[in-house]
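Visitor: My request is simple: use the sequences and hints to build the entire structure.
Protein chains in written order, with the numbering used here: chain H, 1 to 154; chain C, 1 to 554; chain E, 1 to 179.
Among the hints, erroneous ones may be present.
As the list claims (entries may be wrong) - Rough simulated footprint, nothing fancy, chain E against chain C, three-plus residues with beta-carbon under 8 Å:
id	region
1	222-233
2	288-299
3	347-358
To be verified - BS3-like, lysine-lysine: derived pairs with alpha carbons at most 27 Å apart:
id	chain 1	residue 1	chain 2	residue 2
4	E	K129	H	K13
5	C	K459	C	K35
6	E	K25	H	K143
7	H	K147	E	K129
Since the hints were made in silico from the structure, they are not lab data.
Fair warning: this is a prediction, and the values are worked out from it, not measured in the lab.
Glycine included, C-beta positions come from ideal geometry on N, C-alpha and C.
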Amino acid sequence: MSELEKRVRKIGKSVWIFHVNTGGCNGCDIEAIDMLTPYFDVERFGIRRVPSPRQADIFIITGPVTRQSFKPLLRAYRAAPNPKIVIALGSCGCGGGIWHDSFATLGGVDKVLPVDIYVPGCPPKPEAIIHGLLLALGKMEQKVSRKVYVQGAK
Amino acid sequence: MSGSDTIEQLIGEFKDRTLKYIRIRRNVYMLEVKKEDLPSILDYAYNKLNGQLMTMVGTDFRNQADCFLLDYVLGWHEKGIVVVFRSKVPRRDENFPSITPYVACADWYEREVKDFLGLTPVGHPHLTKLLLPDDWPEKSYPLRRDYRYDLRPPFTEKEDYPFNVPDKKVSIIPYGPYHFAMDEPMHFRFFVDGERIVDADFRGGFNYRGVEKIAETKLDYGKITYIAERICGICGFAHSECFVQALEGAAETDIPERAKWIRTILLEIERVHSHLLWLGVASHLVGFNSGFMQFWRVREKIMLLAEMLTGNRKTYGMITLGGVRRDISEGKRKESLRLIAEVRKEYKELLEAVMNQQTFIRRLKGVGLLSNKDARRYSVVGPVARGSGVSIDVRRDYPYEAYEHFDFEVPVISEGDILARTIVRAREVLEALSIIEQALTSIPNGPVLAYLDHIPAEKTGIGLIEAPRGTNVHFLMTGKENTVYRWRVRAPTYANLQVARIMLMGHTLADAPVIIGSIDPCISCMERFTVVDVNNGKVALISRESLLGKVAKK
Amino acid sequence: MKGFLGLLRVAISRGRVTFRYPKKKTTIPEGLRGKPEIDFEACIGCGGCVSACPSDALTFKDNSDVRVISLFYGRCIFCGRCEESCPVGAITLTNVFELASLDREHLEVVAEYKLARCRSCGRYYATEKCLEDVLSAYNEALTDYDEDLRETILVCTECRRKEWSERLAQTRKEGVKYE
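Guide: Put into C-alpha cells, the structure is as follows:
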C-alpha cells in the first residue's frame with residue numbers, strides 16, 4: 001500500500017476540505033466552489049468544505065504562492081492536524097502558470113509544500129477536480145502518464 | 001461636438017500653463033502641463049467640472065527623454081470624452097505635488113506610483129506601502145526599466161504594517177486573509193466597540209503577481225491577451241477585451257463587424273455569469289444557502305453555453321489582435337438562442353421567489369449606505385455607483401464594439417444600500433440576456449479576423465469597457481517589435497474598495513461580510529493585496545527556515 | 001413563511017439536477033480545449049511551439065547532439081497557440097480533461113530529436129528533421145533551383161552571414177555581369 005493510501009486509511013472518515021487561495025486569479029477557486037453546487041454536488045461523497053484548517057483533512061491550494069501569501073499559507077498548513085493531503089489545483093498551483101518566474105511569486109505550491117496530487121487545467125473543470133479528489137481517495141484511476149520519445153530508438 | 005465645451009473651458013482656463021495639446025483620437029485628448037500646476041488644474045477639473053478620475057499612470061521614460069511621465073486620466077461620462085493630463089518628472093527630482101488633499105480618490109494611485117517607480121507624492125496624508133510587502137527592500141522599484149522581472153529579494157523576519165488605529169479604546173478584529181466567507185485572500189482590520197464597527201483599515205497585496213512587469217518584459221501582443229485574461233477568473237474576458245481595445249486604438253485599426261458582434265456576445269455572457277455568481281455569494285453571506293445553491297444551478301447553463309462557444313467554461317481565450325479566434329456556426333447560434341431562452345425563464349422564476357423572501361430582503365435593506373455625494377467624490381463605478389444614483393455606464397457613454405446597435409436600459413436606483421445594488425445587478429442580468437438575443441439574431445456575415453499592419457512604437461491607447469463590476473480602464477503605450485512599453489491595468493474594484501471604510505462604519509460585525517461583498521470585490525483584478533497576518537492583535541514573527549524545516553517531508 | 005414556500009416550490013419543480021459524475025460520462029462539447037498531444041513522427045523539432053507558448057509549458061534544451069523538447073501539462077494554460085503555430089500540425093489539442101496525477105513526472109512528455117552539424121563550422125544548430133522539411137518544401141515549390149540555396153540551408157546563421165558577405169565582397173571586386 002502506498003504512503004498516500006496509508007494516510008487515507010488513517011483519516012478513516014469522509015474527508016473535509018480546506019480551500020486556500022494563494023494569490024491566483026480565482027478561476028480555479030470558483031470551479032472548486034462549483035463542486036458544491038447542485039449540478040456536481042461533491043457532498044454525495046461526504047466531502048464538505050470547512051471554515052478552519054484545524055478541521056481539515058485535504059488542502060486544496062490554488063494560485064502561484066505570491067510573496068505575501070507565503071507565510072499565511074504555511075501557518076494554515078501547520079494548523080491542520082496530521083494526516084493531511086495536499087492537492088495543487090490549476091496551472092498556477094502545479095507549476096506557477098504564466099507567473100512562474102515573476103518577482104512577486106514563488107512559482108507554484110510544490111516549491112513550498114509537499115504536494116500529493118496535481119490537477120492541471122486553466123481552470124480545471126469541476127469534473128476534473130472531482131477526479132483528482134477521488135484519485136486521492138483511491139477510488140479512481142490516474143489517466144495520464146509520462147511519455148518519452150527518442151528519435152531513432154526502437 | 002459634444003465634448004468641446006469642456007475641453008475649451010479647460011484650455012481657456014489654463015492656456016498659459018498648457019505646454020502642449022494633442023488630440024489622440026476622436027474623443028481622447030492629451031494636455032501636457034508642468035508638474036507644479038497639477039494640483040490646481042486637477043482640482044478644477046475634478047471638483048468644478050465634475051470629471052471622474054479614471055486612472056493614473058507612471059512611466060519610466062528615462063532612456064528616451066531623461067524623465068518619468070506621470071499621466072492622470074480623467075473622464076466625463078456625460079460628454080463622452082477622456083482627457084489625459086501628462087506631466088514630466090525629471091530624473092534628478094523624483095517627486096511631484098500630491099493631489100490627494102483635493103481629490104480624495106487619488107490616494108491609492110499615488111501610493112502605488114511611490115511603491116513601483118519611486119516618485120514621491122509630496123503632501124500625501126498617509127504614505128505607506130500599498131501593494132508591495134513590508135519587507136521589500138528600500139530603493140528597489142520593480143516597474144523601473146532596469147529592474148529584472150525575475151529578481152526575487154530574500155525574505156526577512158519583518159511582517160508589520162502600521163494600521164490606522166483610531167483614538168478611542170476599541171477591540172481589534174482581524175478579517176482574513178483566509179476566511180470562509182471570502183474566496184480571495186484579503187485582510188481587513190475592524191476596530192469595534194461592542195458589536196459596532198467604529199473604523200476599518202485594509203491591507204492589500206496578496207494577489208499581486210507582477211502582471212504588468214511580465215507583460216512589459218517577456219511577452220508580445222499575441223501573448224498578452226492570455227495574461228490579461230488570467231488577471232481575474234471571473235471578469236477575465238473583460239480585461240483581455242480592454243487590452244485589445246487599447247491596442248487597436250493605438251494602432252488606429254478597425255476590425256470586422258462579425259468579430260465585434262461575437263465579442264459583444266461573449267462580454268454579455270460573462271456579465272450574466274458574474275452577476276449570477278454574485279447573487280449566489282451574497283445570499284450565502286447572509287446565511288441564505290438555498291438561494292446560493294439555486295442561483296448557481298441557473299448559472300450552470302450559462303457555463304455550458306460558454307463552453308460550447310469557446311471551448312472552455314471560463315478564460316475563453318477567444319480574443320486576439322484583429323478579431324476573434326473562433327467563429328459561431330449556424331447550429332451553435334440556434335442552440336445558444338435556445339439556452340438563453342431557458343436561462344431567462346428559470347432566472348425570472350427564481351428571482352421572483354427570492355425577492356419575496358423577507359428574511360433576505362431585510363438583511364440587505366438600509367445596510368451599507370453610500371450617499372450620492374460620496375459616490376461622486378470617490379469616483380466609484382459600476383453597480384455600486386448605479387445603486388447610489390450616479391448614472392454612468394461605459395456601454396452607453398463611450399460605445400464600443402457593437403453596443404450602439406442594441407437597445408438596452410441602464411438601471412439606476414438612488415437608495416444607496418445593498419438592496420439597491422442587488423436590484424441593479426438583478427436587472428442587468430435581464431438586460432444582458434436581451435442583448436445576447438439581439439446580437440445572435442442580427443449577427444452579420446463576414447470574416448472574423450483582420451490582417452494588421454505594423455504598429456508603430458510610442459503610441460498611446462486607452463481601453464474603456466464596462467466589466468461586470470464597473471469601468472475597466474487600460475492605459476497602453478506601444479513599444480518596439482510588437483511589445484508594449486507600458487501597460488497599466490485599473491480594475492473597477494480599485495476605485496470601489498476605497499469606499500468600503502465609509503460603508504462599514506456604524507454597522508454591526510455580522511453585516512461586515514455582506515457589506516464588503518456588496519462591492520463585489522475582485523481582488524485579483526485589483527492586484528493589490530498585501531497580506532498582513534496578525535492573530536489576536538499581535539504580530540506573529542515566524543522565521544521561514546523553521547517553518548520549512550517542519551514542513552519538509554518528501 | 002410564504003416567501004420560503006415560493007422558493008421551495010421552484011426547487012421541487014426543477015427536481016434533482018445533479019449530474020452523477022463519474023458514473024455518468026460528461027458530454028464533451030465539440031472544440032473543448034483539453035490536453036495537447038504531440039505526434040512524434042510528424043514533429044520536426046523546430047521549436048515554433050516553444051516560442052508561442054505564453055506560460056513556458058513547452059521548453060527545449062540542446063544537449064550536445066540532441067534537442068530535448070518537453071511539454072509539462074502542469075503549467076499548460078490550454079490556449080491552443082502551439083497548435084496554431086506548428087508548421088506541420090504535429091501538436092493538437094484533444095478533448096481529454098481528466099489530468100489529475102500523483103506526481104510531477106507523469107505530467108511530462110519528453111521528445112528527443114537529433115541535431116545536424118553546420119557544414120562549415122561543425123556546430124550543432126538545427127534538427128535533422130527540420131532541415132529535411134525545409135529542403136523538401138523548396139524541392140516541391142521550385143523544380144530547378146540553384147544548388148547554392150541548398151548549400152545555404154546546411155550552414156548555421158553565423159556561417160551563412162560570413163559566406164554571404166564574402167561572396168558580396170568578391171562580387172564587388174570582380175564586377176557584376178548581367179545577362
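Visitor: Hints first: check each against the structure and report whether it holds.
Guide: Each hint, compared with the structure:
1. Given a C-beta distance limit of less than 8 Å, the hint that chain E covers the region 222-233 of chain C holds, as 5 residues qualify and 3 suffice.
2. Counting residues of the region 288-299 of chain C whose beta-carbon sits less than 8 Å from any beta-carbon of chain E gives 4, enough to reach three: the coverage restraint holds.
3. For the region 347-358 of chain C, the stated coverage by chain E holds: 8 residues have a C-beta nearer than 8 Å to a C-beta of that chain, and at least 3 were required.
4. Between E:K129 and H:K13 the alpha-carbon distance is near 55 Å, which puts this suggested pair outside the 27 Å criterion.
5. For the hint pairing C:K459 with C:K35, the CA-to-CA distance comes to about 22 Å; that is within 27 Å, so the pair holds.
6. Between E:K25 and H:K143 the CA atoms are separated by roughly 15 Å; this keeps the pair inside 27 Å, and the hint holds.
7. Between the alpha carbons of H:K147 and E:K129 the distance comes to roughly 20 Å, so the proposed pair stays at or under 27 Å and holds.
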